[in-house]
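These protein sequence lines map, in sequence, to chains Y and S. In terms of the working numbering, the first sequence opens at residue 1 and continues consecutively. In terms of the working numbering, the second sequence opens at residue 1 and continues consecutively.
Note that these hints are calculated values from the structure, not bench results. Values in this document were obtained by computation on a predicted structure and should not be read as measured data. In this text, a Cβ means the ideal position worked out from N, Cα and C, and glycines have one as well. Don't take each hint at face value.
Just a sample of chain Y residues kept apart from chain S, beta carbon distances all over 12 angstroms, derived [what the hints assert, rightly or not]: (1) A25; (2) G77; (3) P149; (4) P161.
Straight-line C-alpha distance at most 30 angstroms; calculated DSBU-like pairs for lysine-lysine [stated by the list, open to error]: (5) S/K197 to Y/K131; (6) Y/K115 to S/K197; (7) Y/K153 to Y/K115; (8) Y/K131 to Y/K115; (9) Y/K153 to Y/K131.
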Amino acid sequence: MVWRRIFRTLAEGPATEPAAPIGDAATQALAAQLDAAAQTRLGRSLSIRHMDAGSCNGCELEIHALNNIVYDLERFGLRFVASPRHADVLLVTGPLSRNLREALIQTWQATPDPKWVVAMGDCAVDGGVFKGSYAIDGTGTGGIAAGVPVDLKIPGCPPTPAAILVALRTLIDANAG
Amino acid sequence: MMGPASEIILRGTEEPCRPWIRRTLSREDWTALVAALPAQPGLALVTLWADTAQAHALFVNEDTGDILPVSTAIIEGGYPALSPARPAAAWLERMVRDLWGHSALGGTDDRPWLDHGRWPHTFPNAIRPGPMGPPPEPPEFLPVTGEDLHQVAVGPIHAGIIEPGHFRFTAQGETVVRLEIRLGYTHKGTLSLMRSKSPRAAARFAARLSGDSTVAHSIAFARATEAALGVEAPARANGLRGVMAEIERIANHLGDVGAICNDASFAFALARFGFHREAMLRAAHAAFGHRLMMDAVVPGGVAGDIAPGGAEAILAAIAGVEAELPELVHVYENYSSLIDRVVGTGVITRTLADRFATGGHVGRAAGRTGDARLHPGYPPYPDLMVVVPSFPEGDVDARVRIRFAEIAESIRLLRLLLQDLPGGALATTLPMLSGEGIGCAESFRGDVWHWLRLDNGQIASVFMRDPSWAQWPLLEAAIEGNIIADFPLCNKSFNCSYSGVDL
Numbered sequence: 001m002v003w004r005r006i007f008r009t010l011a012e013g014p015a016t017e018p019a020a021p022i023g024d025a026a027t028q029a030l031a032a033q034l035d036a037a038a039q040t041r042l043g044r045s046l047s048i049r050h051m052d053a054g055s056c057n058g059c060e061l062e063i064h065a066l067n068n069i070v071y072d073l074e075r076f077g078l079r080f081v082a083s084p085r086h087a088d089v090l091l092v093t094g095p096l097s098r099n100l101r102e103a104l105i106q107t108w109q110a111t112p113d114p115k116w117v118v119a120m121g122d123c124a125v126d127g128g129v130f131k132g133s134y135a136i137d138g139t140g141t142g143g144i145a146a147g148v149p150v151d152l153k154i155p156g157c158p159p160t161p162a163a164i165l166v167a168l169r170t171l172i173d174a175n176a177g
Numbered sequence: 001m002m003g004p005a006s007e008i009i010l011r012g013t014e015e016p017c018r019p020w021i022r023r024t025l026s027r028e029d030w031t032a033l034v035a036a037l038p039a040q041p042g043l044a045l046v047t048l049w050a051d052t053a054q055a056h057a058l059f060v061n062e063d064t065g066d067i068l069p070v071s072t073a074i075i076e077g078g079y080p081a082l083s084p085a086r087p088a089a090a091w092l093e094r095m096v097r098d099l100w101g102h103s104a105l106g107g108t109d110d111r112p113w114l115d116h117g118r119w120p121h122t123f124p125n126a127i128r129p130g131p132m133g134p135p136p137e138p139p140e141f142l143p144v145t146g147e148d149l150h151q152v153a154v155g156p157i158h159a160g161i162i163e164p165g166h167f168r169f170t171a172q173g174e175t176v177v178r179l180e181i182r183l184g185y186t187h188k189g190t191l192s193l194m195r196s197k198s199p200r201a202a203a204r205f206a207a208r209l210s211g212d213s214t215v216a217h218s219i220a221f222a223r224a225t226e227a228a229l230g231v232e233a234p235a236r237a238n239g240l241r242g243v244m245a246e247i248e249r250i251a252n253h254l255g256d257v258g259a260i261c262n263d264a265s266f267a268f269a270l271a272r273f274g275f276h277r278e279a280m281l282r283a284a285h286a287a288f289g290h291r292l293m294m295d296a297v298v299p300g301g302v303a304g305d306i307a308p309g310g311a312e313a314i315l316a317a318i319a320g321v322e323a324e325l326p327e328l329v330h331v332y333e334n335y336s337s338l339i340d341r342v343v344g345t346g347v348i349t350r351t352l353a354d355r356f357a358t359g360g361h362v363g364r365a366a367g368r369t370g371d372a373r374l375h376p377g378y379p380p381y382p383d384l385m386v387v388v389p390s391f392p393e394g395d396v397d398a399r400v401r402i403r404f405a406e407i408a409e410s411i412r413l414l415r416l417l418l419q420d421l422p423g424g425a426l427a428t429t430l431p432m433l434s435g436e437g438i439g440c441a442e443s444f445r446g447d448v449w450h451w452l453r454l455d456n457g458q459i460a461s462v463f464m465r466d467p468s469w470a471q472w473p474l475l476e477a478a479i480e481g482n483i484i485a486d487f488p489l490c491n492k493s494f495n496c497s498y499s500g501v502d503l
């Protein structure tokens with residue numbers, strides 16, 4: 001059964017969809033923010049470490065979807081790694097609960113430079129619906145920026161895999177100069 | 001069979017909670033209830049919560065089907081604990097203490113739970129929250145004694161793309177002798193944020209208690225609101241809620257089965273199940289405008305109608321699942337390297353599942369048969385003759401097979417629901433009234449219960465119970481005697497919600 005399916009895929013082509021185009025303006029705007037030294041060091045391949053800073057798990061479902069055969073994240077040189085010590089990008093979800101503040105900062109410190117932080121989902125961007133709760137850090141603009149510097153924001157509740165993919169590919173393109 | 005504990009509950013003062021009357025017991029009667037509980041094991045504790053004046057418990061008499069909410073006044077900051085008679089109460093009592101400051105007198109465990117010593121004040125839901133506590137101490141774990149034991153501390157940040165929690169394994173060689181789980185990391189103060197809001201505004205929080213069960217939690221919250229206000233959602237809204245709930249169930253089961261197989265390094269299954277999960281989410285987007293259908297169910301009905309072409313998209317997605325599922329089940333059953341990992345792994349017994357009144361695939365894979373769609377039952381299910389699978393083995397394999405059976409059943413239900421969607425209004429107007437209600441729904445994980453009290457159309461007090469409260473403690477038991485390397489399989493086969501219990 002397994003081999004039959006694999007042969008069929010070889011004959012019919014994979015279920016993976018072609019990538020949507022990404023905007024030049026967005027890439028250039030992001031490139032201007034990024035560290036030139038990092039661009040030469042990391043090139044077109046980025047390792048991502050996901051961190052949940054208090055999400056409802058909706059964002060995690062859509063991050064999982066990026067790894068399915070329809071979106072197939074790894075074809076773009078992006079891959080998820082198990083440790084922040086192996087990561088170039090921290091992909092952070094959730095409004096930054098106070099109970100996770102120390103864990104987020106430690107994760108950020110464990111990530112070697114050069115590194116980027118992506119705030120994914122409305123909660124991570126500014127606290128979302130949980131803004132103003134006693135259990136959320138909420139300093140400054142709220143969201144995870146209350147704990148670590150943020151380089152890229154992906155709004156949405158949760159953002160669709162297509163939107164996450166466009167944002168991460170923009171990061172690669174901007175990074176590759 | 002009535003039972004001694006039920007009789008004590010029925011003696012209480014009746015309070016106008018709908019659709020199930022809540023009864024208030026005196027301190028003496030509540031104490032007598034705790035003493036009578038061991039003699040009536042069929043009186044299952046579903047959940048325990050509080051408001052500023054009372055502690056509330058929800059019992060279901062599994063012998064008669066009676067649903068029995070019961071309360072007692074908080075006297076001198078406490079109430080007699082249920083945990084000596086119902087172990088499932090232990091985590092809930094710790095949660096009540098951290099949020100409202102009420103102590104469970106004589107409880108089995110008084111360590112903090114949600115409060116990690118990092119909030120600006122203690123007891124955030126109390127009338128007068130306390131001052132900030134001392135700086136956070138390292139958490140205290142249960143003692144373990146024996147020779148050659150070592151501890152493995154995992155989390156709160158895990159290696160995969162999952163929610164945060166801390167697992168403290170004590171192992172002898174490779175074998176786990178005790179697992180203790182510490183949660184509360186994703187606590188967002190959700191119950192506190194919902195207070196003083198209209199049900200319509202608060203529904204956004206119910207929808208975000210646990211993103212994977214957003215539809216089920218939204219239905220339970222909507223039904224609690226509708227019960228409190230004495231209104232009914234229109235028939236079309238009930239039909240559409242059923243469609244959304246079954247899509248959610250299929251999508252989650254597909255995702256979980258793929259992930260379980262992947263935890264045994266069988267990537268083929270992850271690829272195929274992931275493909276079908278994606279098809280279900282796209283159909284949900286085509287039909288209801290959101291892949292997870294967040295905020296699509298609202299108190300009073302549904303937010304919008306099914307889009308033109310939505311039904312066809314759903315039917316096409318389930319036809320795809322149905323066409324390949326038998327092949328995939330065959331593959332699952334015949335890959336010996338996979339079966340070797342899942343059969344006999346992470347066993348929980350029927351006795352244990354009964355003690356915790358565990359629902360969903362965890363309970364049904366250990367011989368239990370409960371399903372909120374059948375009991376207490378709610379529209380649109382009573383006419384659909386829902387078939388609920390149950391297996392006695394209690395291992396990872398049984399939990400996978402429950403999901404296979406539920407996917408097939410939900411496909412059947414979806415076809416019936418779409419074939420016969422009633423016409424008419426999508427939502428009913430909610431009056432600005434006071435009242436108290438309980439709502440229930442069956443999520444892919446099990447039975448979800450919501451309780452709320454409205455004061456002139458605004459939420460005065462609310463509690464939301466995710467099925468994970470009755471499943472996490474069983475995961476601690478399931479891994480005992482297994483090797484640490486099998487923990488991902490056990491954990492994924494349960495797939496408890498962190499956010500759902502962290503509130």
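Hint check results:
Y/A25, annotated as away from the interface, keeps every beta carbon of chain S farther than 12 angstroms; the closest lies near 27 angstroms. Here Y/G77 stays apart from chain S, with its beta-carbon at least about 18 angstroms from theirs, past the 12 angstroms limit. At the 12 angstroms boundary, the C-beta of Y/P149 stays outside the reach of chain S, the nearest C-beta of that chain being 19 angstroms off. Distance check on Y/P161: its Cβ comes as close as 8 angstroms (rounded) to a Cβ of chain S, failing to clear the 12 angstroms threshold; non-interface status is violated.
Of the pairs offered as hints, the one joining S/K197 and Y/K131 holds, with about 15 angstroms between alpha carbons and a cut-off of 30 angstroms not exceeded. Simply put, Y/K115 and S/K197 have alpha-carbon atoms about 41 angstroms apart, too far for the 30 angstroms limit, and the pair is violated. Restraint check for Y/K153 and Y/K115: the C-alpha separation of about 15 angstroms stays at or below 30 angstroms, so the hint holds. The straight-line distance between the Cα atoms of Y/K131 and Y/K115 is roughly 27 angstroms, inside the 30 angstroms bound, and the hint therefore holds.
The suggested pairing of Y/K153 with Y/K131 holds, with an alpha-carbon distance near 17 angstroms, which does not exceed 30 angstroms.
Hint violations for this structure: numbers 4 and 6, all remaining hints satisfied.
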